[in-house]
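Chain by chain, the residues:
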Amino acid sequence: MERKRSRLEVIRDILLVIRSKNGKIKPTQILYKSNLSHIMMSDYIRELMEKDFIKESRSSNGRTYSITEKGIKYLSEYNTIVNFMDSFGLTPENKDF
Amino acid sequence: MLIFNMSHLYIMPDWFFELNLIFELIFIVFTAYIAYYAFKIYKLSNQKESRDFGFGFSFLSLSYILLISMNSLFLSFLSGNLRVMELDDIMGLRNLMIASYLLFLILGFITIFYTTLKSKSPRIYSMLAILCLAAVYFSCNRALIVYILSSLLLLFISYNYIEEYRKNKNKNTLLVGLGMIFLLVSNVLMGFVGNYALSGFYVLSRIFEIAAYSLIMLSLITILKNGKKKK
Chain A
1 MERKRSRLEV IRDILLVIRS KNGKIKPTQI LYKSNLSHIM MSDYIRELME KDFIKESRSS
61 NGRTYSITEK GIKYLSEYNT IVNFMDSFGL TPENKDF
Chain B
1 MLIFNMSHLY IMPDWFFELN LIFELIFIVF TAYIAYYAFK IYKLSNQKES RDFGFGFSFL
61 SLSYILLISM NSLFLSFLSG NLRVMELDDI MGLRNLMIAS YLLFLILGFI TIFYTTLKSK
121 SPRIYSMLAI LCLAAVYFSC NRALIVYILS SLLLLFISYN YIEEYRKNKN KNTLLVGLGM
181 IFLLVSNVLM GFVGNYALSG FYVLSRIFEI AAYSLIMLSL ITILKNGKKK K
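Chains as they are written, first to last, in the numbering used here: chain A, 1 to 97; chain B, 1 to 231.
Among the hints, a few may not be true.
Said to hold, decoys possible - For the chain B half of the interface with chain A, some residues (derived, Cβ under 8 Å), not all of them: (1) Ile41; (2) Gln47; (3) Thr115; (4) Thr116; (5) Leu117; (6) Ala134; (7) Leu144; (8) Tyr159; (9) Asn160; (10) Tyr161; (11) Asn172; (12) Leu218; (13) Ser219.
Stated by the list, open to error - Taking lysine-lysine and the DSS-like style, the derived pairs with C-alpha atoms no more than 27 Å apart in a straight line are: (14) Lys73(A) to Lys43(B); (15) Lys118(B) to Lys51(A); (16) Lys21(A) to Lys4(A); (17) Lys24(A) to Lys43(B); (18) Lys171(B) to Lys55(A); (19) Lys70(A) to Lys169(B); (20) Lys24(A) to Lys51(A).
These are computed hints drawn from the structure, not numbers from a lab. Only a predicted model underlies this, so the values are computations on that prediction, with no experimental measurement involved. Don't be surprised by glycine CBs; every beta carbon is placed ideally from N, CA and C.
Isolated chain A, as found in the complex (with noise of 0.2 Å):
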């Protein structure tokens, strides 16, 4: 049986994902791609957004989400902060059920 994510990988995952698709891409491709449920994934949207790591764009096509600087700064420091979360016993209570 598959692990459950922590909260920090799920948010990695969901950036992958966004940053995969050189900037833009709808909410729906997220949703596949990321495994989650669609509460889930709005939940972690919204989040994301919040912590602007991630922004959107609405146009005629619809709702599109492109990654930022401080996503992109969370991915490629991401290990150095899991490792600090976990050793410290700061690593948040799991959110993806």
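Position chain B against the provided structure of chain A, taking the given hints into account.
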């Protein structure tokens, strides 16, 4: 060598004085560095747990800054560098510094303990802080109650880290857990020093304290080194 600290005189061996000053400087640097890195991780990840951890170590760092300032001030006074007329001012300042030192010390441990609860509720933090500070304020022996409360908080913090290590088998977590246990021992010993005038316990307490922060720093350095390698 008599050093004024809290409401009692500490009896510290003369030979240990300079070393004690160096130890306190090291405590300031180590706790400040851990706090700095926790805030940096917060800036990268926006994880509030990291920010709170940073605040915890910032409070500890501030408490050590106050301690070293207080000891240096009193040393100047005792060596006659300050005029007798300034005694009232010195005593007033000393009392303020003692109170601030105790406040930041207990706040530091409360904040670190709060992070182990993994709670998002600021009410729990407020309640913890209010309960502890009320106990200190209404106590006859404030220094002793601070060390008792700190020791209890460190007991739970240490237990949390040992449980985390059992779950994830992360060696860095074990280092941090051992560090917290050493801090607990240091706190317990320091509680005896003021009340029973045991100068040997003071030295032993400081040794455990420096060992504690060294282990936690070692954990942090390992994390940073591994982070750089994987890039």
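Going through the hints against the structure:
1. Interface hint status for Ile41(B): upheld, as the beta-carbon distance to the closest one in chain A is roughly 5 Å, under 8 Å.
2. A least Cβ separation of about 6 Å between Gln47(B) and chain A falls short of the 8 Å threshold, and the interface hint therefore holds.
3. A least Cβ separation of about 6 Å between Thr115(B) and chain A falls short of the 8 Å threshold, and the interface hint therefore holds.
4. Taking 8 Å as the C-beta cut-off, the interface hint given for Thr116(B) holds, the closest approach to chain A being about 6 Å.
5. Against a cut-off of 8 Å between C-beta atoms, the interface hint on Leu117(B) is violated, since the closest Cβ of chain A lies about 11 Å away.
6. Contact between Ala134(B) and chain A, as hinted, is not supported at the beta carbon level, the nearest pair being about 28 Å apart and thus beyond 8 Å.
7. With a least beta-carbon distance of about 29 Å to chain A, the hint placing Leu144(B) at the interface is violated under the 8 Å criterion.
8. The closest approach between the C-beta of Tyr159(B) and any C-beta of chain A is roughly 11 Å, which is over the 8 Å cut-off, so the hint fails.
9. At a threshold of 8 Å, the smallest CB-CB gap from Asn160(B) to chain A is about 6 Å, leaving the interface hint in force.
10. Satisfaction of the interface hint for Tyr161(B) is found here, the shortest Cβ-Cβ separation to chain A being roughly 6 Å, below the 8 Å cut-off.
11. For Asn172(B), the shortest C-beta to C-beta distance to chain A is roughly 4 Å, which falls under 8 Å, so the interface hint holds.
12. For Leu218(B), the interface hint is violated, since its Cβ never comes within 8 Å of a Cβ in chain A; the closest pair sits about 11 Å apart.
13. With its C-beta approaching chain A no nearer than about 6 Å, Ser219(B) sits inside the 8 Å limit, and its interface hint holds.
14. For the suggested pair Lys73(A) and Lys43(B), the alpha carbons sit about 10 Å apart, so the restraint of at most 27 Å is met.
15. A threshold of 27 Å between alpha carbons decides the hint, and for Lys118(B) with Lys51(A) the separation of about 20 Å falls inside it, so the pair holds.
16. Among the hinted pairs, Lys21(A) with Lys4(A) is consistent with the structure: their alpha-carbon atoms are about 25 Å apart, no more than 27 Å.
17. For the hint pairing Lys24(A) with Lys43(B), the CA-to-CA distance comes to about 25 Å; that is within 27 Å, so the pair holds.
18. For a cut-off of 27 Å, the pair hint linking Lys171(B) to Lys55(A) is broken: about 38 Å separates their Cα positions.
19. Our distance criterion of 27 Å between C-alpha atoms is broken by Lys70(A) and Lys169(B), whose separation comes to about 31 Å.
20. With a C-alpha separation of about 18 Å, the suggested pairing of Lys24(A) with Lys51(A) holds against the 27 Å cut-off.
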